[in-house]
Amino acid sequence: MPTSGRERILVVSHAHPDFSLGGGEIAAYNLFKAFRRSEDVEDAWFLGRVDRGRGATGVIGKRRDHEYIWEQGIADWTMKAAHRDSVLTWFADLVRALRPTIIHAHHYVHLGLDFVRVVKQIDPSIRIYLTLHEYIAICANNGQMIKTNGRLCSRESLDECRMCFPHRSAEDFWLRKHFLKSHFDLIDGFVSPSEFLRGRYIEWGVPADKIVVIENGQADEPAIDPRPLNMGTRNRFAYFGQINKYKGLDVVLSALAGMTKKERSGIVLEVHGANLELQSGEYQGEIEKLRRPLMKEGVLRWAGPYQPHELRTRMTGVDWVIVPSVWWENSPMVIQEALNFGRPLVVSNIGGMAEKVDDGVTGVHVPVGNPLAWAETLQRLSRFDLEWNALQSQIIKPITHDECAREHLEVFAEWSSQWTTTRVSA
Amino acid sequence: MTSNDVQKARIQIPRAGGQPPVWLRVETALELDDFFVVTGWRSEPVEVEMRSGGVVLDVDTYLRPRNDVATSLDLKSGDDLGFAIVGKATKGERIDIAWHEPMATRIPITLTPFDDLEGGKLPLPDSEALRLSRSLPVFGDDWRRVVVGTTGRRPRTGEAVGNVEFAVVNPQARDGIVSGWFLTGQDPVVTWVETSSGEVTPLAAATLRERQDVVDAFAGTYRGETRQPGFALRVPGVVKGDVVKLRAQMDDGVVDLSDGTVEELPHDPVKAAETIFGLSAPSPSRFVDYVDQIALPALGGLIESRRHEWTRRSILVREYGKLHEGPRVSIVVPLYGRIDFVEHQLIEFARDEWLLDHAELIYVVDDPQILDKCITDAAGLYNLYRVPFRLVWGGVNRGYSGANNLGAEYSRGDLLLFLNSDAIPQGPGWLESLVDSLETDPEIGAVAPRLVFGDGSIQHAGMTFRQRADLGIWVNHHPYMGLDPELDPAAGQDVDVPAVTGACLLVRRTDFDAVGGWDTGYLIGDFEDSDFCLKLRSNGERIVYSPATQLTHLERQSFTLLGDSSFRLKVVVYNAHRHQSRWGTMLEELADAN
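As you go down the protein sequences, you meet chains A and B in turn.
Take the first sequence: its letter number 53 is residue 52 in numbering that gives the first Met the number 0, and every next letter is one higher.
Take the second sequence: its letter number 500 is residue 499 in numbering that gives the first Met the number 0, and every next letter is one higher.
Just chain A, with the same shape it has in the complex (with noise of 0.2 Å):
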């Protein structure tokens, strides 16, 4: 039964920070970190998944107070948990013994979708919301909503989706979906940072009045000062997080490799880039061959990894942050960063890109993919500054952590007020 009082409220994310940087765990850490301190929180506790190397054994242990990690995985493509019957007995005890009110997850990826079943077989008052981060229930392809071969898709179909995956048949998507839904069927609400994927979610078969859009909230930090310019222009600009085929980077770096080398003297790109040695090694050679005469040139910083603490530094010696991704996004992180820090940013024109960075309020669209596109605006970018003050002085600051739980907790209250559940067999 939904409370009246203070909610006590368990996290389960698909992955630990302490284990994994990914955006995803770390809003969702955050999240719990501002439900600790938030007054209309009894208690709270985080669940993370990890991989300690030895496979999902299904083993629960403390991480730290009020924090329980999970040796978890999933066993096929339809999400169901690859350790079962961890779900029905340490996974159970854990609920049965810090009797939450409500359970917050974050992704069902590594994660599994059985443990929803289980809850609600312990306690079906037992509120479950889950923050969705990308399409894994609607797309099998890594939940990118890519087709393997490499177009943006716009939407499911049983047989579209074969097409994507030859091996399998219509009837074998159908399945998987059937899993999916009947699973977020028991979920109370669900949570999305951007409209974008609310859509996408809705199209799918999510009701509209189950899901709302919370942003990720934000350290709350000032913003940095403008970099001093001396004699030079606005033209430096930079790239963060995580480099694969899906990011976009082999766009801009083929936009600076067709510009004559006059027109690109102008310009300088960082890349503070991640796991570049983790992808296919024909990506890799890809990106090795545009970067090496650009960095050669200078007009490529190639920057290497950075720790969450480090990106204030990182960014207070750029201007501009480009986000170059040839899918769809949700909210990336990176953008919320440039917005709290008080860069302007340069985007894809497409999904959670779009609606995150306002086309000429705070920061520039590009066409998708397009490396011509990119190639003029990087020049148009780096030769005048009028742009990059305007824009930066429309930046809005993003809402911080503590703002983001009290918008969680106003719509699990507004759910709660009108909250029914499905029985299921217990």
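Mimicking DSBU-like on lysine-lysine, the simulated pairs with C-alpha atoms at most 35 Å apart in a straight line are:
{"hint": "1", "chain 1": "B", "residue 1": "Lys372", "chain 2": "A", "residue 2": "Lys79"}
{"hint": "2", "chain 1": "A", "residue 1": "Lys261", "chain 2": "A", "residue 2": "Lys295"}
{"hint": "3", "chain 1": "B", "residue 1": "Lys120", "chain 2": "B", "residue 2": "Lys7"}
{"hint": "4", "chain 1": "A", "residue 1": "Lys180", "chain 2": "A", "residue 2": "Lys209"}
{"hint": "5", "chain 1": "A", "residue 1": "Lys146", "chain 2": "A", "residue 2": "Lys79"}
{"hint": "6", "chain 1": "B", "residue 1": "Lys372", "chain 2": "A", "residue 2": "Lys180"}
{"hint": "7", "chain 1": "B", "residue 1": "Lys270", "chain 2": "B", "residue 2": "Lys244"}
{"hint": "8", "chain 1": "B", "residue 1": "Lys321", "chain 2": "A", "residue 2": "Lys180"}
{"hint": "9", "chain 1": "B", "residue 1": "Lys372", "chain 2": "B", "residue 2": "Lys270"}
{"hint": "10", "chain 1": "A", "residue 1": "Lys180", "chain 2": "A", "residue 2": "Lys61"}
{"hint": "11", "chain 1": "A", "residue 1": "Lys79", "chain 2": "B", "residue 2": "Lys321"}
{"hint": "12", "chain 1": "A", "residue 1": "Lys261", "chain 2": "A", "residue 2": "Lys288"}
Think of the hints as simulated: they come from the structure by calculation, not from any bench.
Quantities reported herein were computed from a predicted structural model and do not represent experimental measurements.
Starting from the structure of chain A, add chain B where the hints point.
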């Protein structure tokens, strides 16, 4: 002179003019049903005739060399000294052997009944005996006595050619099938298959088919036959190991074209069908005749004995969770091949309160390959979904009907809901609504819902019957299949239909018992559901389609039967033949009514 003399030893026939006498010896004098055979020799090729009561009989005389005679009598040549005379005679008739030169002579012959003959064979080399066979009515008793068990000659090039490719027998029915091909150089040639136990089956009874490979290889040399050279012939009375021969009657005897050893069909009817349907079976348009004449007799006994074997198998029953004490409905789901559907059904059952309160669930494992996995997964699935169920394994694959019957046997509900494992409810309430439909009228025998494919288009909206003239069969037809359910003329109202699918079918146990459950005489499964509905119909029950209830059926799109000569198509024809043999009149009436 008495007959005994000439039949015991040679006799001397004097000649005028001081010439040396002629010697005569009758070695055999046999009486068959309508014919006699007299063989022997004389020392000079004088003309011999047969008389009865003074009348000269119409006979065939075959001459042959007797060098033994020539040697012992010191003659120059043995050519044409031996004779065999075959003539028509009534039993008990007095026969004389007679000649005119050198002087008219007549000696009575004592005929011995053929059946008394030791060894049952003419005392002639086979080649000689078979030459006589031409004078006997083919396939008559005398002909059989002469021909069966002999060794014929090899055919000459251009005369006849043939091959026994398969010879199989059903171990229960002793009904063999021999198949192969045959071509001759002249028309018509009498051909038959002869077994080592003496059964003779004329090839005229075979079903024929084109054999382009044979025509390509031999038609230039063997111009006599314009008909189809491929044959399949039902041959009764054979057992494993018998040798069957393909033989043909020629002017000068019998040729042996080919032979083969009889092999036993697999005991499993489906595997046996694979063998039988793969033999020289005709094209789809005439396959139904093959079923009628060849396949049905050969498979019938196997299906019977398979059914009998089921009763001897011990049944494994396991229960997961606490099943309903007095369920109103028993849901029976046979499992074969894929079992990942089960979890999807449990997901839906778990959120259906009415179902949990009123139904028991029985999964019948019908596939030895999945038994271990079923048992391994069952407890985990119960622990996760908390839907109690009973797992039943009948020890052997029984097919859709057999598994359903077994499930019914191990269930307790007054109502039985037969459900395919790939039929998945779309939400709660479906079972209750089907029960409501059934109970609106005690005359309703069976109710089935609308089924849709994964893409939402209609898979089942009742079944009708269609004649497939091209195949010579009646088939079950799924009207409106593939259409948007919006276009279903039944809209939301229950309607009477000729039959419904067995993929999701509700029936009262009393009615189920009254018709003896699902028929297990079909191969693999096609017509069990219509057969079941027609049984209910013939008991005066109504069959109702209830479109207000809808489930998803992940069945792969049914094949169209067009241009298909696969095993699957042959199974359909086989089953259709059985179906229409039972329900022909009703099928026509129902088709007319539509």
